[in-house]
Amino acid sequence: MTPFVADVLIPVGKIVAVILYPMIMVVVMIWLERRVVALMQLRLGPNRVGFQGLAQPVADAVKLFFKEDIRPRQADRLLFNIAPVLVMFTSLLAFAFMPLGEPVRIGAYTLTLWIAESPVGLLIVLGLSSISVFGVIFGGWAANSKYPLMGALRSVVQVLSYEIPLGLTVLTVAFAARSMDLVEIVRRQESSGVWYGFLMPVSFVVFWISAVAETNRAPFDLPEAESELVAGYHTEYSGMKFAYFYMAEYAHMVLVSSLVVNLFFGGWLAPFPSVPALDFLEVVPGFVWYLVKIMFFLYLYVWIRATFPRYRFDSLIRLVWKWLIPLALLNFLVVALVRYLR
Amino acid sequence: MRRLTRFLRSFFLVDMLSGLLVTLRLYFSRKVTVAYPEEVDEPAERFRGILRLHKDEAGEPLCIACKACQRACGTDCFDIEGRKEEGAKFMRPVKFDWKLDRCSFCGFCVEVCPTNAIRFSREFRLTGVRKDGLLFHRDEMYLTGDDLQEHLCGGCRRAA
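Protein chains in written order, with the numbering used here: chain A, 3 to 344; chain B, 799 to 958.
No lab work stands behind these hints, which were simulated from the structure alone.
A couple of the hints might just be wrong.
Quick list of simulated restraints, FRET-style, between CB atoms [as the list claims (entries may be wrong)]: (1) A:Gly129 to B:Tyr825: 32 to 42 angstroms; (2) A:Val204 to B:Tyr825: 50 to 60 angstroms; (3) B:Thr831 to A:Ala338: 46 to 56 angstroms.
Covered, in the sense of this in silico footprint (three residues per stretch, anywhere, with C-beta under 8 angstroms from a C-beta of chain B), are these stretches of chain A [unchecked claim]: (4) 36-42; (5) 307-313.
Everything numeric in this text was worked out from a predicted model, so none of it was measured.
We treat Cβ as the ideally placed atom computed from N, Cα and C, and that holds for glycine.
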């Protein structure tokens, strides 16, 4: 393989793929959400545009593209424009550290299905998802309007609170794998033969609840509670900037699902590695397993949204400070102890 | 003891999981949406759809051009002229113009008709893209179904 292909074409191709992949998942996710919620509410949902309505999000995006871009006169121009970009950028950047599948061998060259492998990949992903909160704050503050500000304030309180159990549960995984490298974590699950989600179910459940809250999704969608705050922090946005916030929210969900799959459910690994009768599952490429797994968690997102009513704000905060954080701490201590003794 | 079971129930997310099962069951159950142009819900028996003239079993028109409907009509929908042919038993309309855009579906004409010739149908799809689709001449008052749709909007509607 020529150096040009290896050093230029493949990295560029990977970057394009890592930008396109969340975008495609966003389209699928918006469609999935609308259809699944509709079906659970005994409706049909959008089923006219394209096959079973799959092109509906595309049609909506085209519509948003042609809408007037309105900026409130009193808005802080710089922050108002930066906020949607920041939210989108951090979501997409975190995908650079997501292993999407096992390395593919092409002759002598090994094609890795991730852009960057870092010994602190986990920290970077968590840090980036924290930075995306700034996009929400900027958007809510810069609009100079009451509902966005309220939404942004709620979002800050909620995300900061839920980041604590999130971090504590992620630490247990790092302890078990003795690594903060996302690729290494998946490899360790392969060599130890058990996925961390089954090894540490408490970690997984706490992580998942916190992650749903972190992405501002129902039943923790107070920052954008339609019935109280119009649309929360992006009330004053229109057109493509609104679409940015909208897509970033879904991209964030895809990111969190990828994170859950990589940390707790063995990333690209095929299920049941210890059952010899099911060895044929290994034939399916790792990327497909990864996709199947994250689709399950994306579906779970929608399923949860269709099922549970929104939390009141005080019970939301009580849940995290009185239940999740003590539980996560306890879980952390137990895992640390077990890890120390072995 | 009751507090303990309550604690355990919430700790192991029992109610949450059973809630998820409820939505999963509904996910597979029958939907209430009627996918309109493909599926059509029949309107009620007494539904007041577009007015239609009727014929008797032998195919003879029931209308005797008595103009009772024209007099009863509050919005002046009708323009009727009748003539009695040589040797015929009844008077027949030679002109029976009816304007859908004026009709308020009040039903006075239906009530007043002595031969029960004019009646409400259950056809509710009355939109069109041409104005002349709103004017019905004598023979067009007998159209139903696809022929009626053809008159109203000239094939602008998707086939059911």
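Hints violated by the structure (numbers, ascending): 2
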